[in-house]
Amino acid sequence: MKKKIYILLIAFLALFIIGCNDNNIPEEKNTQEHNITIENPSADVQNDKDSLSSFYTNFVIQDKYRVYRIIEKSKNMDINIAIPDWQPEGDAVIDTADFVNAIDDEMSDITQKRIDFLKEKLRPNGMSKEWKDSKEIFIGYATPYIKEYTSDIVAETVNKRILIRTKSLWDFLLKDNKETINKYNIFCISINMYEGFYHSSNATRLLLYGVPEETFKDTIKIEDGKSVRESSETILEKYNNGECKLDILTDIELTKSGNYYMDFSEIIANNTYQNIILKIELTGEVTDEYTYAWEGFEYKTVNEQAYQDWKAENVDKFIY
Amino acid sequence: MKNKIKKILAVAAMTALVGSITAFADTYISNSFQDDYGKYMFEVDYASGMRNCNVEAWGSDNYQYKILLTIYYKNIAPVDRSTKFESEYVKIDNPYEEVDDYEATIIVREGIMIRDMVTVSGS
Numbered sequence: 001m002k003k004k005i006y007i008l009l010i011a012f013l014a015l016f017i018i019g020c021n022d023n024n025i026p027e028e029k030n031t032q033e034h035n036i037t038i039e040n041p042s043a044d045v046q047n048d049k050d051s052l053s054s055f056y057t058n059f060v061i062q063d064k065y066r067v068y069r070i071i072e073k074s075k076n077m078d079i080n081i082a083i084p085d086w087q088p089e090g091d092a093v094i095d096t097a098d099f100v101n102a103i104d105d106e107m108s109d110i111t112q113k114r115i116d117f118l119k120e121k122l123r124p125n126g127m128s129k130e131w132k133d134s135k136e137i138f139i140g141y142a143t144p145y146i147k148e149y150t151s152d153i154v155a156e157t158v159n160k161r162i163l164i165r166t167k168s169l170w171d172f173l174l175k176d177n178k179e180t181i182n183k184y185n186i187f188c189i190s191i192n193m194y195e196g197f198y199h200s201s202n203a204t205r206l207l208l209y210g211v212p213e214e215t216f217k218d219t220i221k222i223e224d225g226k227s228v229r230e231s232s233e234t235i236l237e238k239y240n241n242g243e244c245k246l247d248i249l250t251d252i253e254l255t256k257s258g259n260y261y262m263d264f265s266e267i268i269a270n271n272t273y274q275n276i277i278l279k280i281e282l283t284g285e286v287t288d289e290y291t292y293a294w295e296g297f298e299y300k301t302v303n304e305q306a307y308q309d310w311k312a313e314n315v316d317k318f319i320y
Numbered sequence: 321m322k323n324k325i326k327k328i329l330a331v332a333a334m335t336a337l338v339g340s341i342t343a344f345a346d347t348y349i350s351n352s353f354q355d356d357y358g359k360y361m362f363e364v365d366y367a368s369g370m371r372n373c374n375v376e377a378w379g380s381d382n383y384q385y386k387i388l389l390t391i392y393y394k395n396i397a398p399v400d401r402s403t404k405f406e407s408e409y410v411k412i413d414n415p416y417e418e419v420d421d422y423e424a425t426i427i428v429r430e431g432i433m434i435r436d437m438v439t440v441s442g443s
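Here the protein sequences come in this chain order: A and B. If you count the first sequence from 1, position 260 lands on 260 in the working numbering, and the numbers rise without skipping. In the working numbering, each number is its position in the second sequence, counted from 1, plus 320.
Looking at chain A on its own, in the form it has when it is part of the complex (with noise of 0.2 angstroms):
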């Protein structure tokens, strides 16, 4: 009997101290480093933050272009990516810049501050400051091929240009072990095209999808015994190959860079939709040396009179 018990409390203590190695110990698992440095380490200066320069100083302006020495001394790489030196007037808005000084593990901190700042700066009245209440969403964006200062390591990532992205604009999540889906009244697209310096005519085409209930519980699977929702991707292959239900709720081309909002409080309060699936495409003539940039900021309604009067003040802002 003694023996019985001494091996059932043994077998507890067991229990948990694997319960305690799986979720206590701080562990930071080391593969290989891959360390791209880009040269100038910018200083990140407080004043004037709608100036990208406030954030990036860590390239040389050269033919009306903002040109980034980017290196990686294990793969002897030294190459040059040129950005147009241009923004729209008025709001700021993303730049490319933004996502080629993400790729340096220094620099991407000073990218977050001035992705932070952006989210900041877009946030209409009204919206909730608790930081949990916004979000940043990433779409996409091209990096220009122009030889005069490129190499075929750039030429290899242009051969691979996305032009058109799909993201879920809400979140699936488990929330204490529940099912719960975490909605956005608010959506704004920062778009940037470059075409006061390109003068082309190529334009961002957006499409908002409504997912119904019937279709977001069929894109519903189980993964390692937790449920996960299917990829925007496939969830649109489905709809076009005719085996499940979406709503287009806007189909809009939009030609100028600037900043876009999108409201779905009724959407949210008629409970309509359970997720909302943005598509977004570059048409008209993209050459390699074009490029662009997207990004999304998403916010909550607290105080419904404030925002009602920032949105009476931006009506033209909106487009949906």
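In short, the hints are calculated from the structure, not lab data. Glycine included, C-beta positions come from ideal geometry on N, C-alpha and C. Treat the hints with caution; some may be incorrect.
Pairs of lysine-lysine residues, derived as DSSO-like cross-links and limited to a Cα-Cα distance of at most 30 angstroms, are as follows [to be verified]: (1) A:132 <-> B:394; (2) A:221 <-> B:394; (3) B:359 <-> A:113; (4) A:121 <-> B:394; (5) B:359 <-> A:160; (6) A:279 <-> B:359; (7) A:178 <-> B:394; (8) B:411 <-> A:132; (9) A:129 <-> A:279.
A few chain A positions that, by computed beta-carbon distances, are all more than 10 angstroms from chain B [to be verified]: (10) 62; (11) 120; (12) 135; (13) 147; (14) 148; (15) 199; (16) 201; (17) 223; (18) 303.
Using the hints, position chain B against chain A.
Frame of chain A, contents of chain B only:
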């Protein structure tokens, strides 16, 4: 002496039982990066007033992954932790602490191109 050992073992066993019941996944997010550039997982566990956080990203050794984790403590200013860009697999575990929330930005890079970047948070 034997009785003392028995008592200690009994208390330890009860602690183990209670601990295993109160600890559960507070927030769990698992998704794929855009265009099959790998996967990421974000998990916050709660136990006895404290929270830990486990963030992982993985995929091909052709891609490099990086995690930036912001820890929002109950009584002190937020603290940032991050990894370097690492190929195939990257992970941060933060132990149980008196934390309100965690926020992670996970980046996937292919050579000189950022392929996807996601921000997730949980408490």
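Comparing the hints with the structure gives:
| no. | hint | result |
| --- | --- | --- |
| 1 | A:132 <-> B:394 | holds, 15 angstroms |
| 2 | A:221 <-> B:394 | violated, 35 angstroms |
| 3 | B:359 <-> A:113 | holds, 25 angstroms |
| 4 | A:121 <-> B:394 | holds, 27 angstroms |
| 5 | B:359 <-> A:160 | holds, 20 angstroms |
| 6 | A:279 <-> B:359 | holds, 21 angstroms |
| 7 | A:178 <-> B:394 | holds, 25 angstroms |
| 8 | B:411 <-> A:132 | holds, 22 angstroms |
| 9 | A:129 <-> A:279 | holds, 28 angstroms |
| 10 | 62 | holds, 19 angstroms |
| 11 | 120 | holds, 14 angstroms |
| 12 | 135 | violated, 5 angstroms |
| 13 | 147 | holds, 17 angstroms |
| 14 | 148 | holds, 18 angstroms |
| 15 | 199 | holds, 26 angstroms |
| 16 | 201 | holds, 26 angstroms |
| 17 | 223 | violated, 7 angstroms |
| 18 | 303 | holds, 22 angstroms |
Checked against the numbered hints above, the structure violates hints 2, 12, 17; every other hint is satisfied.
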